[in-house]
Amino acid sequence: MIYIHTALSVEASPIIEGFKLKKDMDTKEFQVFGNEDVILIVSGVGKVKCAMGIAYLFGKYGVCEKDILLNVGYCGSSNLDVPLGTLKLANKVVDMDTGREYFPDLFVTGYEQECISCFSNVITNRKENTEGVFVDMESAGVMEASYKFLYPHQTVIVKIVSDYMDDERKDVLFLKSLIDKNLSNIEDIIKQSRDIVCMAQGLNMAEEDAILDRIRANMRFTKGMMDLLRPRVRKAKIKGYDTVSILCGFLDSKSSSKVERKRVFDELLKKLK
Amino acid sequence: MSCLKNLSSRAVHRIYVEEDAFGYDITRKVLKKYSDCDIVKINNYKDVFNRTRQSFSLQKKFPQLILAVKKDTFIYEGSPMCQNFGHQSYYYATFMVNCIFDCQYCFLQGMYNSSNIVCFVNVEDFAKEFSRMECGSMIALSYETDLIAHHNIVPYLEYIYEYIKATENVAFEIRTKSANTLILSKYMPLDNLILAYTLTPQKIIDSYERFTPNLDARIKAVNHALDLGFKVRICFDPIFADEDYEEFFQHVFEKIDGKRINDIGYGFFRMPKEQYLKAFKISDSIVYAKDCVEEDGVVTFPEKMITEATKIHMDIIEYFVDKEKIYIL
Ligand code: SF4
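Going down the list, the sequences are from chains A and B. The first sequence: position 6 = 6 (the working numbering), numbered continuously. To convert a position in the second sequence, counted from 1, into the working numbering, add 1000.
Be aware that one or more of the hints could be misleading.
Under the rule of at most 20 Å between Cα atoms (straight-line distance), these lysine-lysine pairs were calculated in the PhoX-like manner [said to hold, decoys possible]:
# : chain 1 : residue 1 : chain 2 : residue 2
1 : A       : Lys271    : A       : Lys235
2 : B       : Lys1290   : A       : Lys271
3 : B       : Lys1281   : A       : Lys223
4 : A       : Lys148    : B       : Lys1046
5 : A       : Lys273    : B       : Lys1046
Here are a few chain B residues that sit away from chain A, every Cβ distance over 10 Å (derived from the structure) [as the list claims (entries may be wrong)]:
# : residue
6 : Asp1036
7 : Ala1127
8 : Asn1169
9 : Phe1280
Which residues of chain B face chain A? A partial, calculated answer using Cβ under 7 Å [stated by the list, open to error]:
#  : residue
10 : Tyr1034
11 : Asp1038
12 : Ile1039
13 : Val1040
14 : Asp1047
15 : Val1048
16 : Arg1051
17 : Ser1055
18 : Lys1060
19 : Ile1282
20 : Ala1289
21 : Glu1303
22 : Ile1306
Calculated directly from the structure, the hints in this document are not laboratory data. Where is the CB? At the ideal position from N, CA and C, for every residue including glycine.
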């Protein structure tokens, strides 16, 4: 699943339109939109709301090693030479309240990579002490949630320069256009992230685990037995055995007595040897 | 700021640099060499290196460097699972942590959360400790890494050679699988410097030692080092008791004159149980499907297999190398 987090509706709406996402009417706590591949949440501004929103998403929809978390949002720049609408990826995030540094494992290429300084309030002073020249209000919250639930290569922080840390109010259409113009880049970042996540996948034991769980229930194998069995199945798979077929051969077995349970267990171990 | 156009596998693409590391010569050299890399300033290397749940395999594919200043301990006492080659005490120094090579049996597989390569830049602090070591001890300099293989990234030998030379009463071992013969020509052999080459059958190299040079290239490197007058140790370590080695030993000693070798290290695959279990979880290598057993917290081959294989192997090795030069673990 591709999880996209934005703080504001104005950041979300070009993505919702571009990816043809539908509103999840069952969710009241946050605005959530999605299709079969993508789920987007609008969390509200600030790192706390952002971390809460992401934790909510993961709690509701589940999260695994194949998922990707993208934070798409505006950032301010103290460097007037950086054109508005420029897309940056964070290779480091500093929480300016705590000084804590976060590091996504960024393997996406083709985009400029920067440190993002994350503040709790709007910064309108370009002389503010920041690390680097880019500031936002969510990236530290994204990283806090990411460190809890994900591998650091599963998170990408995408920032689009929307202002020069001044008080000037921007027109909503203009703000939307900044995201709109970067939609194809966002799509590319998602594609690259998918490839990266696939590369990181180890031996897939999901099918074996599911069958093992059924065998366990039927046979009433103890925890100790399962602790012995699982690594044996993995070893057998590494050796090239057709572990799914071997396990399927035991799906019909039922435990009628302790003796029978032990007999089936030993037979299974023998087949995996 | 950096814009990485092409993330080619195996090329360093990002360097994390500790704030304190910027002032060191090694850092300046590395940053100059990798001027098109993404440079990320960090407070403490552990903030990057010790993150939980990192993908060891992904980081192996796309290695990132971390330049840091080592604090506190510079020399560690060697593990009983390592050979001391007759020295009264055995120590190791970790100038680097992790390795550009990817040997699936390597204890690094289960040692750290990350496979990013940490390079400590304060070499002088390590070197100061050399002179404090007791006379007759041995320090392994290429312990959690392969120092020579990384020479093109960080030329540590350039920085430590003079210190090794000055610490005559301590033996220094640099263990490698590298076939880089060029760098040795720059240095004079030293009585207290031993170059230890790990040789393994080509079949094992192909199966378990990703990105390492082939056997014949390593043999060539051994002969080159011998020709230059270096003391050379050959390490047949790890041995896999379920594989054939007879032809391999014959081949090695057809190409290398056993009489010129300083000594031989010989040891079977072994790994502390904890690390083995961690590696088992993340690796899909056949190494972790072998019929090993656990004894006293160490996972290795069953004693019977080891005894039988050792006998067969020693019959060959002892034909070429004096028995007293062979150290078996
Ligand atoms: S060369 Fe040595 S340190 Fe490097 S991966 Fe192989 S065994 Fe480990």
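Checked hints:
no., hint, in the structure
1, A:Lys271 x A:Lys235, "12 Å, holds"
2, B:Lys1290 x A:Lys271, "16 Å, holds"
3, B:Lys1281 x A:Lys223, "18 Å, holds"
4, A:Lys148 x B:Lys1046, "17 Å, holds"
5, A:Lys273 x B:Lys1046, "41 Å, violated"
6, Asp1036, "12 Å, holds"
7, Ala1127, "30 Å, holds"
8, Asn1169, "43 Å, holds"
9, Phe1280, "7 Å, violated"
10, Tyr1034, "15 Å, violated"
11, Asp1038, "5 Å, holds"
12, Ile1039, "9 Å, violated"
13, Val1040, "5 Å, holds"
14, Asp1047, "5 Å, holds"
15, Val1048, "5 Å, holds"
16, Arg1051, "6 Å, holds"
17, Ser1055, "4 Å, holds"
18, Lys1060, "10 Å, violated"
19, Ile1282, "6 Å, holds"
20, Ala1289, "4 Å, holds"
21, Glu1303, "20 Å, violated"
22, Ile1306, "20 Å, violated"
Comparing the model with each numbered hint stated earlier shows that hints 5, 9, 10, 12, 18, 21, 22 do not hold.
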